[in-house]
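Fit chain B to the known structure of chain A by using the hints.
Protein sequences, first through last, are from chains A and B.
Last residue of the first sequence: 278 (our numbering), numbering continuous.
Last residue of the second sequence: 326 (our numbering), numbering continuous.
Everything labelled a hint here was simulated from the structure, so no lab data went into it.
Check before you lean on any hint, since a few could be wrong.
[To be verified] Simulated pairs of lysine-lysine, DSSO-like, Cα-Cα distance not exceeding 27 Å:
id, chain 1, residue 1, chain 2, residue 2
1, A, K123, A, K175
2, A, K189, A, K175
3, A, K70, A, K17
4, A, K27, A, K70
5, A, K70, A, K119
6, A, K70, B, K320
7, A, K189, A, K123
8, B, K320, A, K119
9, A, K27, A, K189
10, A, K123, B, K217
11, B, K217, A, K70
12, A, K27, B, K217
13, B, K319, A, K17
14, B, K217, B, K227
Since the model is a prediction, treat every value here as computed from it, not as a measurement.
Listed here are the chains, written in short residue letters.
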Amino acid sequence: MCLLEVIDACFTYPQQKERIFSDIDFKVGRGEVFCLLGPNGCGKTTLLDCILGIHRLDQGSIRVAGEDAKDFRPGEMARHVAYVPQRHDNSFPYTVIDMVKMGRTVYTGRFSSPSDLDKEKAKEALNIVGMMHLRHRPFTQLSGGEAQLVMIARALAQETRLIILDEPTAHLDFKHEMLVMETIVRLVKETGLSVLMATHFPNHTFYFENQDMPVTVALMHDNTFLESGRPTEVLTEANVGRIYRVKSRLAEFEMETGGILRQLIPLSTLRTEDNMDE
Amino acid sequence: MALAPVLAIVLSLFIGRYPVSLSTIGQVILTKLHLINYPVAAVNTVLIWDIRLPRAILGAMVGGCLAISGAAFQGLFRNPLVSSGILGVSSGAGFGAALAIILFHGNTSATYLFAFAFALLAVFLSYMIGQVYNTTPTIMLVLGGVIVSSVFSSLISFTKYVADPYQELPGIVFWLMGSLASANYRDVLVAGVPMLIGVVGLMGIKWRINVLSMGDKEAHTLGVNLKLDKGIVILSATLATAGAVCVSGIIGWVGLIIPHICRMLVGNDNRVLIPASMALGACFLVLVDDVGRVITGSEIPLGILTALIGAPFFVWLLKKTRGGGW
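Okay, chain B solo, but in the shape it has when bound:
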């Protein structure tokens, strides 16, 4: 399972408008790792090492994080129709990015920072709204998420309305459609920190997500510290998603459907589902991004393609597994 995303990353090194051979890829990578010293053409080094590889790695990280958070939230909220954006993380990040594009004229670092900060802020607000009498009933959290998401969606529309239509508006629109086009190793490292923390948290607490999905009352009587365990799941999923969204923009579908596909393939036990979702999400986004790179002369934004490619696959799987017990 862990091998699949690696294969997808390797595969995507070959895919592109500029053809490269297996030996070229091997030479570039081994040279870069200082294992051999082979005089490779600079264009090949730039293409493989500086463009395709970081992009594929980032794609795998983003896809994995969106899917793992979606799976965790589905368990926590006891609902397979919940996605990683349920608590407003995407709309918060979208507003943060739009704000930074207007205020700092698209400075990349500022955009990342604002997107990340507003993503966290949105989830924090949802959590505070969902808090009743010192507890956070699941249904109130969902409601909090809906409220916060719609407020930030309105704010995104407002930023679009006031943005300069030639300079800033295209930037906002493209950001909201999601893309990995500008991926580099700095993105991988910077966004990798919250993503890693989030993923480690979710992988650690995966069995407790099963217990939490029994509902608040039963989980309590089974000995779960509801506040703490829910808090860990929410915080981990939020860090993973916010880290992903701040570098990739808003990519829908992955955080909803990949966990669902995994439910059909491996069942509902989160001990298997959580890692499986991460692996499949990583593969899926890397491959979709490959398609987006080559299908037309100019790139198609990821947010558009994920659903266009994922939907037929999902329907096919739905027919084949008859819904996997749903």
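Next up, chain A with everything else stripped away, as it sits in the complex:
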């Protein structure tokens, strides 16, 4: 079943002339990972914001679970789609468990507080990401990686079938980047969750592919999708050269356990006059 369908989406910020993106078309199905890849400022975050209902499209439509998102009541989107921000701007030092309970907002009345059931769901979510032991710590004192895993737990507590992640590993160290990626893979495989993720790292999409996941990658370039498909088909040296202006080599390793592992290795940046299809 198709969880999210974006049809001919175009967006311009109000009172500005420049199109942020246009003619965007894609679908995310059940248990699928969809990766948005593209250079800084290509409009990935704005596209995610439009899907989340923060901005309205000029043209086209966004359908969530078969319904047009335009007809959603305020807050209804949160029943279908959860969101993990790139980086949470700290406000007050709430405890970790309270942060995760906020994922239950959509199930909590305006004038009531989270129930015992909500607390159980929050604990369950913390267990899944392995952050249960930190539940009484102030969120503001966590490391970047721990904080990101807690934000994923908050999205899980929301019990949606699709989670949108905006560059979830952007500020993380080597280990925590891996930990977040592993967690995403585990969730998709075990719970049939769907993931829409913006990322800066082409190798993230190869990681998903190497793990045998149904993954689609879309290259965003010049305000639209240049190409989309399986990482192996799309992330060619030529495409990477064109959208990032980086010369790279695609390396393939044979694993002892069988199967082929792919990684893109960047070599150098390209100057404007260089031919990108060299």
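Showing chain B alone in chain A's frame:
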């Protein structure tokens, strides 16, 4: 927690230039409640029942409302340095009162009404300025509040400038310094209505304030109806503050520092912080008012004392808790 303000109110019945004993207070109150019938001296009845009690009750209500609104606004604006006056409610009320003092020569009802109406007007204007593309981003609301506050501050200065320096000016100046000296049961009832509505609203929506403090984008993705929930918080806090300010005049500090002190004591979860701020704010203002009544022969305005007494306490607490996680 709910008991503390009651204790503060009872305590303040004893405090004053005219000493009364516990048994006298008991006799007066029980007689007034028709539980016993004891021949108490009229002076004691007037002093305890008609002067000290309504004043202490009003003090608790005003202090509680200022602090609870401050706590709610700090959560909404994601900033612990925000106070209950952030959207211009105090300067609006100040101008309204000053205007009424000039136009109606200090008629009490007119002063209350004008103060209350202009307090609401100021917040409404801030909200309208903060509205962009059908949304109200937090930063625009703050900016709206700053603009409206400064306009009303100028208007207050203007009313002072044109006021009669012997008849009206002292009234305006004293009003702006805040006082509970004229408190009576009518004040308690009249101002109690908006205060009660505001307090009920904030106590109800306290968990949502946590979610709102995640910032607009995250709150939206968590399923908050931003416009409605922000509107409820702003309206409730405004009713509570406007109700308080219109009977007490401008009392600074309480709406800023009491919530902050509570953050150090009970943490930042608004489910606890909101009621705690209200209780502590109520106690604080009642006790400060007691000090103001007895410390010198003539009363010292509340607005002066809140900071003078509160600041050393705040610094002491800051040192002791090392800022409570800030």
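Structure-based check of each hint:
1. K123/A with K175/A: It holds: about 24 Å lies between the C-alpha atoms, which stays within 27 Å.
2. K189/A with K175/A: holds (21 Å)
3. K70/A with K17/A: Since the Cα atoms of K70/A and K17/A sit roughly 23 Å apart, the hinted pair holds (cutoff 27 Å).
4. K27/A with K70/A: It holds: about 17 Å lies between the C-alpha atoms, which stays within 27 Å.
5. K70/A with K119/A: violated (32 Å)
6. K70/A with K320/B: violated (53 Å)
7. K189/A with K123/A: holds (21 Å)
8. K320/B with K119/A: violated (32 Å)
9. K27/A with K189/A: holds (19 Å)
10. K123/A with K217/B: holds (24 Å)
11. K217/B with K70/A: OK: K217/B and K70/A at ~18 Å, within 27 Å.
12. K27/A with K217/B: holds (24 Å)
13. K319/B with K17/A: violated (54 Å)
14. K217/B with K227/B: holds (12 Å)
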